[in-house]
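Participant: Make the full structure from the sequences, and use the hints.
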Amino acid sequence: MRIEKNTSLLPEVKRGRKVQILIDGQPIEAFEGESVAAAMMAAGLRVFRITAKHKTPRGMYCGMGVCFECLVTVNGVRNVRACLTPVADGMMVETREEGMA
Amino acid sequence: MKEVHYELAVIGGGPAGIEAAITAAEAGVNTVLIDRYPRPGGQYYKELPMQFSVHHRTKAETEGDMLIRLLSGVELTQYFNTLVWGIFPKENDNRWLIALASNDAPKLIVADSVILATGAYDSPMPFPGWTLPGVISAGAALILLKTQRILPGTRVLVTGSGPLLLSVAAHLIEGGAEVVGVCEAARPFWRAIPYLPTILGQTHRIEEGIKYFSTILKAHSPYRIGWSVVEARGKDKVEEAVIARLDKSLSPVLSSKQVISVDTIVSGYGLVPNNYLSRMIGCKHSYLPEKGGFVPERDDTMQTSMPNVYVVGDAAGIGGAELARLEGRVAGVAVAGRLGRLGHATAQWEYGKLRSLLRRQQRFAEMLGKVFLRGLDLFNLSTDDTIICRCEEITRREIRSAVEMGARSVTEVKMLTRAGMGNCQGRMCELSVRNAVMAFTGQSFLDMDKGGAYSIRPPLEPMTVKELAKAAEELSE
Amino acid sequence: MTQAFDVVVVGAGYIGCSVSYHLCLAGLKVALVDRGSIAAGASRANYGNIQIQDMELEKSTAMIKAAIPKFQNLEEELGYPIGYRKIGGLLLIENQAQWQMMQERLIVVREVGIESELIPADRLKEVEPEIDPTHLLGALYHAHEGQVDPFQFISAYLLRARQKGISEFYYTEVSGFLVEGDRVTGVRTSQGDISAGVIVLCTGARTRDLVRSLGLSLDIHYVLGQAVVTEPVSLCLQNHIASASFFERTSNQKTGQILANFAISQSPHGHFLLGEAMYEADHFCTDVPYPSIPAVSRAFIRHFPSMSELRVLRGWSAAVAHTSDSCPMLGPLKSIKGVILATAFRSTVIVTPLAGETVAQLVVEGKSELDIEKFSPERKMSHAH
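Sequence order for the protein chains is A, B and C. Counting along the first sequence from 1, when you hit position 18 you're at 18 in the working numbering, and nothing is skipped either side. If you count the second sequence from 1, you need to add 1000 to reach the working numbering. If you count the third sequence from 1, you need to add 2000 to reach the working numbering.
Please note that the accuracy of each hint is not assured.
Stated by the list, open to error - Result set (BS3-like, lysine-lysine): computed pairs, CA atoms no more than 25 Å apart in a straight line:
(1) B:Lys-1046 <-> B:Lys-1248
(2) A:Lys-14 <-> B:Lys-1046
(3) C:Lys-2380 <-> C:Lys-2164
(4) A:Lys-5 <-> B:Lys-1059
(5) B:Lys-1237 <-> A:Lys-55
(6) B:Lys-1211 <-> A:Lys-5
(7) A:Lys-53 <-> B:Lys-1235
(8) C:Lys-2086 <-> A:Lys-53
(9) B:Lys-1046 <-> B:Lys-1059
(10) B:Lys-1248 <-> B:Lys-1146
(11) B:Lys-1146 <-> A:Lys-5
(12) B:Lys-1370 <-> B:Lys-1248
(13) A:Lys-55 <-> B:Lys-1235
(14) A:Lys-5 <-> B:Lys-1046
(15) C:Lys-2029 <-> C:Lys-2164
(16) C:Lys-2164 <-> C:Lys-2367
(17) A:Lys-18 <-> B:Lys-1248
(18) C:Lys-2337 <-> C:Lys-2374
(19) A:Lys-14 <-> B:Lys-1466
(20) C:Lys-2070 <-> C:Lys-2367
(21) B:Lys-1284 <-> B:Lys-1450
(22) B:Lys-1235 <-> B:Lys-1059
(23) B:Lys-1046 <-> A:Lys-18
(24) A:Lys-53 <-> B:Lys-1237
(25) C:Lys-2070 <-> C:Lys-2125
(26) A:Lys-18 <-> A:Lys-5
(27) C:Lys-2065 <-> C:Lys-2374
(28) A:Lys-5 <-> B:Lys-1218
(29) C:Lys-2070 <-> C:Lys-2374
(30) C:Lys-2374 <-> C:Lys-2334
(31) C:Lys-2070 <-> C:Lys-2059
(32) B:Lys-1235 <-> A:Lys-14
(33) C:Lys-2086 <-> C:Lys-2070
(34) B:Lys-1370 <-> B:Lys-1284
(35) C:Lys-2125 <-> B:Lys-1466
Claimed, not checked - Label pairs and their in silico Cβ distance ranges:
(36) B:Leu-1196 <-> A:Val-77: 52 to 62 Å
(37) A:Ser-8 <-> B:Ile-1193: 26 to 36 Å
(38) B:Lys-1090 <-> C:Gln-2072: 44 to 54 Å
Honestly, the hints are just simulated from the structure, not real lab data. Every residue gets a Cβ at the ideal spot worked out from N, C-alpha and C, and that includes glycine.
Facilitator: Dropping the structure here:
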């Protein structure tokens, strides 16, 4: 959910240009300046991948590129950290890729 | 080999790094500032993305903005979106080779001195269900709220220890989330008494704290002291949080358990110094839990045991933005002084000025360390089924089996279980593994110290063979 | 504080753990000492390959012949998984000079009784589907080599030794020896003295420095080996792979010269291990020099371009013992009694079981089944540094 109100701790922002990215083929709206992880969280999409061994779902955890949980495939490139990847119009993101090629 | 030379490389563009870079550059030191994120400020002074704009900033944000603005008035090279993937000793001299991965920076830099200002990250606190989507760190929540204006969820449990907890809860509430509870794990207040003078001297922090607290009260979010999340439940994502009171041994009191329906759990149990570069270089480190984990040994000019390598800010022990800035200045003065850009008397005068300010901040940091809890203090919240190494999916039970097979150090556990061998190379699990080994073997801190720590080697982060091969091409020119 | 044992084994790597196990099996009271933890030295950097690829093949033939069968029932004997799998070995050939050398090697290898074949480039993909044969003339192929998981392998020996009552001293540095008359009676360590009837040194690159205190200058040096490990992918490499260029350079090596011995393996867990070795005469360092990681990456892409997106997780280096005649040091010291060396093996895994057995025989019976005269530690070597 995107925050639209203006509060003392969170002054209202004007977001970047609106773009569209595809998550597993499903189009979602995003704004330039957002990370793929943030756009996914805003759209209520929390499962980023499934683990190789126990096949459990994982999502964003640390938000800053340290934990490697938010790994998705971006435009065909595997194991990209969604929290460090800025959205771009037409970007294709695939989730739930297992650990092994 | 094509190399670009600087007298000083500052790695990390948060408060500590910016102060270090400005101080040295203003004294005429040929300086480069390198940061892996798109903009300076680090975690303490979160900048909005370039594409966002805002009419006004909060008081706290303005302070950060002002420091960052100073960067543009100083002569120095800045590389953002640039990762330092390795630091290597330059053969036969005391200089350092810094390997970079970036679109615009050179592949290799030679620096006479290095100041590491790599900050910190949220302390992992393993508990049953913590790997479920929807369980995020306090840092992640603040990044979403402050730099993206996105709510991580609508029914949120905030759990952890320390001042950051209040900040996260307040931001969430203002952002429109229903904060169903705020659990502070420590019973802090009486331990803070010896530090009252220090605390009272930090008026802006007190102001902030009061503001956050009143926001929480006004929203009627239950604030509990001595409580913590003990379990996250859900199928594909978190749906319920189980909270409980903690007893003196920091174990959950079963009879106090409560189940709350949530869609998000924000977990903020302190910070861990981001020490992988200082460890890669070979600096001596000590394990100091109240500082967040392994911290480099330093003299009072912030220099480590390795020649011309300095560490400042949270990377050298958790202490907050003000302490980070002061340390950055000290190291900047030290480097400038060593190069003769600052006279000895001037340098000594600068140190003198900074020292008393440093002492006050150090005392504050000390208080935080003694009063609040970190993830590594709450080992009793994990069970044998809890995942300890998230990357390789290793449970606490597997660590126990490794110990039963004779493993007595984190490295042996790593060898037997593969914990620490995944993508994050132990950042999320090392301290938990150490805790587990200590608990299962009954070793003392000293024994554990003898057992060593994960050895950190380049590349600092996973990099494709293709990208690394590109560095080879530059080398053969 | 002095403790007393029958044998002190110095060095808890492959050889030291195997030696310890066999000595414990023989009923002896054993102390295993290491300045670090288990497998802190070259063994930790090892790929776990059971191979003869870069082994010296004149004097070592009998040893290799005796070594190979020891793996047949090893997992059963030890009772712990060692991650054993059967794979082949390829020595890639890039020029005529290497082709010539591999032809000669083929003959010798066959004499040892090892099945081997020279495969031309256009048939390489039959034995290694993922390889790009573009820059190659072909390869020397050994069909029946193998691989273990290094950590499981060492642990198996150690766990068995523990069941038989071994005492272990980690983070304990041996600083010298206790000497009485013409024999060594123990070791001095950072944790006190340990006395023993026999000391076995399995100390790899550290050996030369260690025996200096006995007034000996042994002709054993070290090679700095670097490697990187990648993320896991599904098992696809059919062989462990090295370069015939190693042999080309060995014949005219100089002290301190950088040599690239390119080595690629895939671990049982799916990680690719990519390596190189560098000769360094005096400078003992465990850092990874900057050029290594890019060089190793470049070499890998050259032959496996389809894998260029594989991510490297970490690199490391280790000092590996090296002798100028490429033969190990296996046997007792002659100028002083009570010390046996078992180190500087090349392709260590393959001889690990045999080395352990041999040392146990030496200690218990005073002689070994294997003829080890040519591996005597104090022997004169022709290309001495």
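Participant: Take the hints in turn and mark each one as holding or not.
Facilitator: Verification of the hints:
1. Taking the CA atoms of B:Lys-1046 and B:Lys-1248, the gap is near 37 Å; set against the 25 Å cutoff, the hint is violated.
2. A distance of roughly 16 Å separates the Cα atoms of A:Lys-14 and B:Lys-1046; the hinted pair therefore holds under the 25 Å criterion.
3. Among the hinted pairs, C:Lys-2380 with C:Lys-2164 is inconsistent with the structure: their alpha-carbon atoms are about 38 Å apart, more than 25 Å.
4. About 19 Å separates the Cα atoms of A:Lys-5 and B:Lys-1059, which keeps this hinted pair within 25 Å; it holds.
5. Distance hint between B:Lys-1237 and A:Lys-55 is fulfilled; the C-alpha atoms sit about 14 Å from each other, no more than 25 Å.
6. Proposed proximity of B:Lys-1211 and A:Lys-5 is supported: the alpha carbons are some 19 Å apart, at most 25 Å.
7. The hinted pair formed by A:Lys-53 and B:Lys-1235 meets the criterion: a straight-line CA distance of about 17 Å does not exceed 25 Å.
8. Only pairs whose Cα atoms come within 25 Å are accepted, and C:Lys-2086 paired with A:Lys-53 is accepted, the gap being roughly 24 Å.
9. At roughly 13 Å between alpha-carbon atoms, B:Lys-1046 and B:Lys-1059 fall within 25 Å of each other, so this suggested pair holds.
10. For the hint linking B:Lys-1248 to B:Lys-1146, the alpha-carbon distance of about 36 Å lies beyond 25 Å, and the restraint is violated.
11. Simply put, B:Lys-1146 and A:Lys-5 have alpha-carbon atoms about 13 Å apart, close enough for the 25 Å limit, and the pair holds.
12. Straight-line distance between C-alpha atoms of B:Lys-1370 and B:Lys-1248 comes to about 15 Å, which keeps the hinted pair within the 25 Å bound.
13. For the hint linking A:Lys-55 to B:Lys-1235, the alpha-carbon distance of about 12 Å falls within 25 Å, and the restraint holds.
14. A threshold of 25 Å between alpha carbons decides the hint, and for A:Lys-5 with B:Lys-1046 the separation of about 19 Å falls inside it, so the pair holds.
15. For the proposed pair C:Lys-2029 and C:Lys-2164, the alpha carbon gap of about 9 Å is at most 25 Å, so the pair holds.
16. Using a Cα cut-off of 25 Å, the hinted pair C:Lys-2164 and C:Lys-2367 holds, with the two alpha carbons roughly 24 Å apart.
17. Distance check on the hinted pair: A:Lys-18 and B:Lys-1248 sit about 52 Å apart at the alpha-carbon level, beyond 25 Å; violated.
18. Note on C:Lys-2337 and C:Lys-2374: the hinted pairing holds, with a Cα-Cα distance of about 19 Å set against a maximum of 25 Å.
19. For the hint linking A:Lys-14 to B:Lys-1466, the alpha-carbon distance of about 39 Å lies beyond 25 Å, and the restraint is violated.
20. For the suggested pair C:Lys-2070 and C:Lys-2367, the alpha carbons sit about 19 Å apart, so the restraint of at most 25 Å is met.
21. Taking the CA atoms of B:Lys-1284 and B:Lys-1450, the gap is near 13 Å; set against the 25 Å cutoff, the hint holds.
22. For the hint pairing B:Lys-1235 with B:Lys-1059, the CA-to-CA distance comes to about 42 Å; that exceeds 25 Å, so the pair is violated.
23. Only pairs whose Cα atoms come within 25 Å are accepted, and B:Lys-1046 paired with A:Lys-18 is accepted, the gap being roughly 22 Å.
24. Under the criterion of a C-alpha separation no larger than 25 Å, the hint pairing A:Lys-53 with B:Lys-1237 is consistent with the structure, at around 18 Å.
25. A distance of roughly 31 Å separates the Cα atoms of C:Lys-2070 and C:Lys-2125; the hinted pair therefore is violated under the 25 Å criterion.
26. Of the pairs offered as hints, the one joining A:Lys-18 and A:Lys-5 holds, with about 18 Å between alpha carbons and a cut-off of 25 Å not exceeded.
27. For the given pair, C:Lys-2065 sits about 16 Å from C:Lys-2374 by alpha-carbon distance, which is consistent with the 25 Å threshold.
28. The hinted pair formed by A:Lys-5 and B:Lys-1218 meets the criterion: a straight-line CA distance of about 18 Å does not exceed 25 Å.
29. About 22 Å separates the Cα atoms of C:Lys-2070 and C:Lys-2374, which keeps this hinted pair within 25 Å; it holds.
30. Note on C:Lys-2374 and C:Lys-2334: the hinted pairing holds, with a Cα-Cα distance of about 13 Å set against a maximum of 25 Å.
31. Pair hint C:Lys-2070 plus C:Lys-2059 holds up; C-alpha atoms about 20 Å apart against a cutoff of 25 Å.
32. Taking the CA atoms of B:Lys-1235 and A:Lys-14, the gap is near 36 Å; set against the 25 Å cutoff, the hint is violated.
33. Using a Cα cut-off of 25 Å, the hinted pair C:Lys-2086 and C:Lys-2070 holds, with the two alpha carbons roughly 15 Å apart.
34. Distance restraint check for B:Lys-1370 and B:Lys-1284: the Cα-Cα separation of roughly 24 Å lies within the 25 Å cut-off, and the hinted pair is therefore satisfied.
35. Of the supplied pair hints, the one linking C:Lys-2125 and B:Lys-1466 holds, its CA atoms being roughly 22 Å apart against a limit of 25 Å.
36. Here the CB-CB span from B:Leu-1196 to A:Val-77 is close to 54 Å, well matched to the stated 52 to 62 Å.
37. The hinted range of 26 to 36 Å is satisfied by A:Ser-8 and B:Ile-1193, whose Cβ atoms lie roughly 31 Å apart.
38. For B:Lys-1090 and C:Gln-2072, the hinted distance range of 44 to 54 Å is satisfied, since their beta carbons lie about 50 Å from each other.
In the structure shown, a violation is registered for the earlier hints numbered 1, 3, 10, 17, 19, 22, 25, 32, in ascending order.
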